[in-house]
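Residue numbers (my numbering), protein chains in the order written: chain A, 120 to 588; chain B, 120 to 588.
No wet-lab data here; the hints were simulated from the structure. Treat the hints with care, since some could be wrong.
Identical copies carry no separate label here, and so any pair may be met within one copy or between two of them.
Simulated crosslink set (SDA-like; lysine to any residue; CA at most 20 Å straight-line) [as the list claims (entries may be wrong)]:
| # | residue 1 | residue 2 |
| --- | --- | --- |
| 1 | Lys493 | Leu526 |
| 2 | Lys588 | Asn422 |
| 3 | Lys465 | Asp586 |
| 4 | Lys209 | Leu554 |
| 5 | Lys186 | Ser126 |
| 6 | Lys549 | Ser560 |
| 7 | Lys145 | Ser259 |
| 8 | Lys209 | Lys582 |
| 9 | Lys549 | Thr201 |
| 10 | Lys209 | Asp327 |
| 11 | Lys167 | Ile149 |
| 12 | Lys229 | Pro469 |
| 13 | Lys588 | Val176 |
| 14 | Lys522 | Asn386 |
| 15 | Lys229 | Val460 |
| 16 | Lys145 | Asp484 |
| 17 | Lys532 | Ser342 |
Number of protein chains: 2
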Amino acid sequence: MNKGNLSSLFSPRTIALIGASGTPGKVGNIVLGYLERSGAQLFLVNPKGGEIGSRRVYPSPEDLPEKLDLAVITVGAEAAVTAAETCAQKGTAFVIIIAGGFGEVGGRGKSLEERLKALPERYGCRILGPNSLGVFFPESGLDTIFVEHGDRALAEGGGIAFITQSGSVGVESLGLASNAGFGMRAFVGTGNKADLNEHDFLDYFGADSGTSCLAFYLESIESGREFLEQAGAIAAKKPVVVLKAGRTAAGGAAVSSHTGRLAGSDNVVDGAFRQYGIQRAYDDEELCDAAKALSMVRPAAGNRVAVITPAGGFGVMCTDYIESPDRRANLTMAHLAPATVTRIRKVSLPFASAANPVDLTAGADDTMFLETLKALLEDDGVDIVICITFFAPPSISKDLPEKMATLIRKAEKPVLIFTQYGPFTAGYLKRFYELGVAGFSAIRRTVRAARFLVERGMILRLKEAKDEK
Amino acid sequence: MNKGNLSSLFSPRTIALIGASGTPGKVGNIVLGYLERSGAQLFLVNPKGGEIGSRRVYPSPEDLPEKLDLAVITVGAEAAVTAAETCAQKGTAFVIIIAGGFGEVGGRGKSLEERLKALPERYGCRILGPNSLGVFFPESGLDTIFVEHGDRALAEGGGIAFITQSGSVGVESLGLASNAGFGMRAFVGTGNKADLNEHDFLDYFGADSGTSCLAFYLESIESGREFLEQAGAIAAKKPVVVLKAGRTAAGGAAVSSHTGRLAGSDNVVDGAFRQYGIQRAYDDEELCDAAKALSMVRPAAGNRVAVITPAGGFGVMCTDYIESPDRRANLTMAHLAPATVTRIRKVSLPFASAANPVDLTAGADDTMFLETLKALLEDDGVDIVICITFFAPPSISKDLPEKMATLIRKAEKPVLIFTQYGPFTAGYLKRFYELGVAGFSAIRRTVRAARFLVERGMILRLKEAKDEK
């Protein structure tokens with residue numbers, strides 16, 4: 120059995136599509152459309168045989184060649200298991216099963232899932248699913264996700280490996296997140312985890328040089344202790360964020376009816392995550408925001424935050440959030456050095472406030488922004504900077520993102536952007552993203568992203584201290 | 120002095136623009152462009168005289184007619200005060216002063232503000248500002264907001280009177296909120312509150328039949344006790360939501376440098392709000408979401424929530440949020456009546472879960488959604504329904520919003536929508552909004568909106584109980 124190398128799952132050269140269909144709207148047709156873009160050699164299977172477009176259709180999986188890299192199975196549960204068995208016998212390396220109706224419905228579904236579980240050991244074939252949307256891997260162009268994910272907003276590549284037990288949570292959340300810029304290395308829907316599970320993907324993406332952050336949506340964790348140790352070891356090198364859903368008793372019950380599994384006690388999960396340096400998210404928005412910040416921005420060396428704003432009110436709200444206690448990491452408003460204050464006074468308007476939060480007022484222009492940012496980055500009392508940027512004030516140019524990005528990319532401290540600009544908000548955030556700068560559209564979300572960077576810094580310093588002992 | 124009737128501030132028939140400019144990009148030009156759309160008779164003032172377009176320009180406010188409804192003053196602080204004094208002497212009913220550089224900068228600015236404060240008593244002229252973006256009132260088309268507010272995304276009318284001490288917070292937040300549908304009765308930037316303040320707008324919009332909800336962003340409260348009693352009396356009839364910024368010590372200090380005022384102790388504010396039935400928001404996103412929900416959706420008669428989802432994972436996260444304790448209002452997952460479960464089983468797929476959260480699975484179609492919603496609305500154990508809707512699953516039609524809206528508008532229980540759909544998210548939320556249905560793009564925000572409706576129900580029941588005594 121292939122234990123560690125998932126390369127041909129993510130970048131297969133040969134793919135069988137079992138359930139291929141020529142009828143628009145059918146899952147087997149939608150997936151076919153995406154697979155055709157991957158550049159892999161395709162083998163279609165449908166009992167009707169014949170042709171779809173110009174491609175030959177094999178009537179049965181029995182007719183497939185030996186040793187294919189991947190089989191994507193879109194037919195119903197019963198037929199899917201039979202097809203998977205045939206593929207396994209023929210030496211197919213990976214099988215993705217999209218259909219539900221397995222362990223999560225109990226009874227006959229459970230015994231079907233048992234049949235799948237037998238295949239890896241017996242034939243070495245690895246199985247993703249069942250009840251999985253499968254895989255999306257921008258680098259190779261592999262995409263098995265049949266639900267429309269927001270005009271393929273996920274399509275840009277980046278450093279985040281996103282592994283999700285719920286396909287919908289992954290696709291819908293990432294579709295929205297991607298809209299404002301989100302760099303994805305891989306999307307994996309684990310589904311019922313009959314075989315491949317979080318352990319395999321931790322291993323693979325932990326070692327993958329293209330991955331800068333691992334993000335998990337999990338409803339249950341297989342072999343908890345092992346997961347913690349494995350994730351903890353990876354967290355020493357790259358950030359690992361986990362959203363463990365089903366944290367309340369009722370949520371846990373909902374997990375059970377959704378996946379047929381029991382969720383673990385929440386308090387135990389919380390303490391253990393902390394101990395192992397695994398960062399925790401509480402909903403999909405937070406998971407996506409954390410992954411975005413952690414994959415794009417360096418960790419903070421401390422918790423002292425400086426804020427630049429052209430709008431006093433947002434400076435006040437940002438200060439309130441920064442100073443509010445939080446179990447993730449407490450932040451504090453940085454005390455600026457007198458020299459910094461003097462520098463800011465020199466470049467800003469007479470009405471501006473050069474204390475932290477630095478309120479440049481709506482009269483601010485690009486230069487005031489950039490010079491203030493420079494001054495804050497060079498202040499030893501500042502660990503992280505939040506820039507509140509608006510593009511409505513008349514003296515702020517629309518090129519400010521480019522100008523700021525040049526500074527921010529060179530900076531040795533983390534910088535986060537908050538912006539709002541009506542219907543153009545996502546567009547500006549995406550532009551910042553393309554410039555390598557992480558931005559968010561709500562004050563709360565921006566400060567929360569800062570907490571993740573401060574927490575990440577603490578985790579690394581703790582690991583370092585342990586290693587020195 | 121005009122004590123209560125602000126009609127000619129919001130729907131003036133005659134407006135003087137002092138600082139009118141023909142130069143594109145200048146504040147006096149931008150505001151002119153907006154004022155021209157209002158249909159009011161305009162009188163332009165600029166020391167240069169001459170004409171702008173085909174309009175005559177008066178060289179001095181002295182040349183203006185007597186008894187105008189409104190003067191909008193866009194010139195700098197010093198000149199603005201002189202102009203305001205002239206307008207007041209000429210019997211102008213309302214003056215809006217946009218310039219900053221008054222009380223918030225201390226020194227000379229403070230004494231300028233004092234001169235403004237003398238005018239209402241002496242001449243009966245009411246002043247909005249200084250340091251105010253002014254007013255936007257969709258019904259009359261009056262718009263004095265010189266910062267671009269997201270392609271005028273605010274332009275649709277509705278029931279929310281939004282009164283904000285920070286113009287930017289109002290404009291930028293509403294620009295974003297409006298993007299997904301937000302019904303605004305009025306936008307008022309109070310600025311430094313030299314004269315008109317939250318008390319005046321409480322009075323006016325409290326009595327205004329076009330207003331269904333009052334939303335305030337405040338950094339300081341004038342005459343706290345009076346405000347509480349006044350707002351409390353209004354809250355007996357329509358919801359009042361207040362975001363009091365500067366709740367931490369550092370936030371309070373930031374308020375002080377921003378507006379030149381001291382913020383009140385946060386704990387006192389919190390307890391007092393609760394006692395008077397005023398609902399509290401903690402950031403601009405929350406304030407906008409609360410106002411949207413409270414202005415569109417009826418209060419909940421209890422705290423038992425039912426959830427419909429086509430995606431198990433979101434059902435789990437929603438359950439976790441519902442069951443998490445919250446200081447606003449604790450929610451609980453409703454226990455469905457056996458008859459309800461049977462009804463749902465009949466209309467849903469065999470793999471669906473008919474317990475709460477009702478997981479219709481990605482195989483759900485429109486009918487399953489609608490029939491389930493009907494069943495939940497008719498269950499006596501359900502007080503409020505959250506519908507998680509996606510438009511990616513193949514059997515969900517793009518017309519589902521229309522079909523759901525018909526049901527939801529007739530319902531005697533509150534219903535909230537959560538949806539995500541990549542770049543189309545805001546578009547779908549806006550469509551729901553136009554159909555009279557309140558939707559949100561994050562689980563956390565949707566559950567929070569539910570808490571505001573439950574809290575509102577509690578406030579009304581408490582008032583009723585008090586009245587019966």
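* Starting from the hint list further up, note which numbers the structure goes against and sort them upward. => Of the numbered hints, 2, 3, 4, 7, 8, 9, 10, 13, 14, 15 and 17 do not hold.
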